[in-house]
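Could you put together the complete structure from these sequences and hints?
Number of protein chains: 2
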Amino acid sequence: MPAQLPQKALRADARENRDRILKAAREAYALHGIDVPMATIARRAGVGVATLYRRFPTRAALVTESFAEQLEHCVAALFEALEDPDPWHGFCVFIEQICLTQATERGFTQAFFSQVPDHVEYTAQRTRAEEGLALLVRRAQDSGQLRQDFGVDDIVLVMLANCGATAGAGEQAAAASRRLVAYLLQSFRAGPAAPLPSPVRLDLDRIHPH
Amino acid sequence: MPAQLPQKALRADARENRDRILKAAREAYALHGIDVPMATIARRAGVGVATLYRRFPTRAALVTESFAEQLEHCVAALFEALEDPDPWHGFCVFIEQICLTQATERGFTQAFFSQVPDHVEYTAQRTRAEEGLALLVRRAQDSGQLRQDFGVDDIVLVMLANCGATAGAGEQAAAASRRLVAYLLQSFRAGPAAPLPSPVRLDLDRIHPH
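Residue numbers (this note's numbering), protein chains in the order written: chain A, 1 to 210; chain B, 1001 to 1210.
By construction, these hints were calculated from the structure, which means they are not laboratory data.
Owing to the predicted nature of the structure, the values given are computational and were not obtained by experimental measurement.
C-beta atoms are modelled at their ideal positions from N, C-alpha and C, and glycine is treated no differently.
Heads up, a few of these hints could be off.
[Claimed, not checked] Pairwise CB distance ranges (calculated):
| hint | chain 1 | residue 1 | chain 2 | residue 2 | range |
| --- | --- | --- | --- | --- | --- |
| 1 | A | Val-75 | B | Pro-1085 | 49 to 59 Å |
| 2 | A | Ala-14 | B | Tyr-1053 | 55 to 65 Å |
| 3 | B | Gln-1148 | A | Ser-143 | 24 to 34 Å |
| 4 | B | Val-1093 | A | Thr-104 | 31 to 41 Å |
| 5 | B | Pro-1085 | A | Pro-37 | 24 to 34 Å |
| 6 | A | Arg-43 | B | Pro-1192 | 54 to 64 Å |
| 7 | A | Arg-138 | B | Lys-1023 | 44 to 54 Å |
| 8 | B | Glu-1130 | A | Gly-48 | 48 to 58 Å |
| 9 | B | Pro-1085 | A | Pro-197 | 20 to 30 Å |
| 10 | A | Glu-65 | B | Glu-1072 | 20 to 30 Å |
| 11 | A | Val-75 | B | Ala-1134 | 21 to 31 Å |
| 12 | B | Val-1093 | A | Asp-86 | 35 to 45 Å |
| 13 | B | Leu-1082 | A | Arg-43 | 51 to 61 Å |
| 14 | B | Glu-1130 | A | Arg-138 | 37 to 47 Å |
Here's what the structure looks like:
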């Protein structure tokens, strides 16, 4: 109906603005980390700072929305891995997936694991993620396929290493991630192996793009 | 003789200044990379910019001098590794050493591998290093102990991964490096192993602290 056209146009315009802001935010986070000023994001998106704040009243809200899709994928990947009838296969696929996400979506890992103030939603998801990871490791060890001296901290170590490999490899980030992860998974597999140096206590919030 | 005392005192003073500048430079490079302005280094060292330029007329000269000792150690480590009667042992010890240096001397790896303009000395050393690394890999493969699908590019991949692990692990950098490298070396060892994803062509100058 002709009477609704202006409103529809306005809504389409608003949605377009919102998408442009989220895209600009993801790009800025990837380049500068999630501490990048709101004004920088507004400039990248080509909107005024007032418009930005009207859509996303806090930095935390913008971070959450920017990475909502990626977060959903990662949580889904973890729960899928936990339901894999082959615990070792589930473990490997999850590590591969999370590292590939890290390679292609820089900024997201930092967003997820860092403590954005008043960012309640992620804290809950993070706790669930930590419990899920511990279970993932235990299942694979109980099945006898993951070496017994592997610890949850080693997943953080893998992600830090993957950060370095992908940051340094530029446009070859995904390929570098795949090769590094393949090497690491082969050495995580239970079997005759030399003893390892002591595990390193690493918190998940150590992970951030450099 | 009393007549020499003032000159001696001056020389001691000049040497102290020089050491202070080199220490400040290494710290600044570790924090900000080797592109940090000369003025920042002068400020850290507590000397005037004029004094800094009198001692080190170019940025390249300052970088070279700052890391002369570490560079000597690394080159020595490579040549020692090449003379190890057990090529696999030589290969492992070298990888461990270079990664530990990277963990404890941030900035050095960037200094060595990046192309500082008019920095002729490093270019020559770099070419020798690349030839040495290729030989190190070939020897370990010829002895049947290093997997045949390992490439020199994988050494760069290890160093990039190590960069990420050590940057993220903060004061636990050395421990994180040791554990990561132990995992990787176990998977580099020849033996029954699954095929790897394609190697990634990585130049040594990709390595820099993030």
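(request) Evaluate the given range 51 to 61 Å for the C-beta pair formed by Leu-1082 of chain B and Arg-43 of chain A. (result) For Leu-1082 of chain B and Arg-43 of chain A the Cβ distance comes to about 53 Å; the hint holds.
(message) Just to be sure I understand the hint, the distance between the Cβ atoms of Pro-1085 of chain B and Pro-37 of chain A should be within 24 to 34 Å; is that true here?
(response) violated, 58 Å
(request) Using the beta carbons of Val-1093 of chain B and Thr-104 of chain A, state whether their distance is inside 31 to 41 Å or not. (result) Holds, since Val-1093 of chain B and Thr-104 of chain A (Cβ atoms, about 35 Å apart) stay within the stated range.
(message) Given a hint of 49 to 59 Å, does the C-beta separation of Val-75 of chain A and Pro-1085 of chain B actually sit inside it?
(response) Holds - the Cβ-Cβ distance for Val-75 of chain A and Pro-1085 of chain B, about 52 Å, lies within 49 to 59 Å.
(message) Verify the CB-CB distance for Val-1093 of chain B and Asp-86 of chain A against the hinted window 35 to 45 Å.
(response) holds, 37 Å
(request) Please test the hint of 37 to 47 Å on the beta carbon pair from Glu-1130 of chain B and Arg-138 of chain A. (result) holds, 44 Å
(request) Using the beta carbons of Arg-43 of chain A and Pro-1192 of chain B, state whether their distance is inside 54 to 64 Å or not. (result) holds, 55 Å
(request) Hint says 55 to 65 Å; check whether the CB-CB distance for Ala-14 of chain A and Tyr-1053 of chain B agrees. (result) holds, 56 Å
(request) May I ask you to test the hint 24 to 34 Å on the CB atoms belonging to Gln-1148 of chain B and Ser-143 of chain A? (result) At 30 Å between Cβs, range holds.
(message) Is 44 to 54 Å respected by the C-beta to C-beta distance linking Arg-138 of chain A and Lys-1023 of chain B?
(response) 47 Å Cβ-Cβ, so the 44 to 54 Å window holds.
(message) Tell me if the beta carbons of Pro-1085 of chain B and Pro-197 of chain A are separated by a distance inside 20 to 30 Å.
(response) holds, 25 Å
(message) Against the range 21 to 31 Å, how does the distance between the Cβ atoms of Val-75 of chain A and Ala-1134 of chain B compare: consistent or not?
(response) The hint (21 to 31 Å, Cβ to Cβ) is violated, given that Val-75 of chain A and Ala-1134 of chain B are roughly 44 Å apart.
In summary, the numbered hints that this structure violates are 5, 10, 11.
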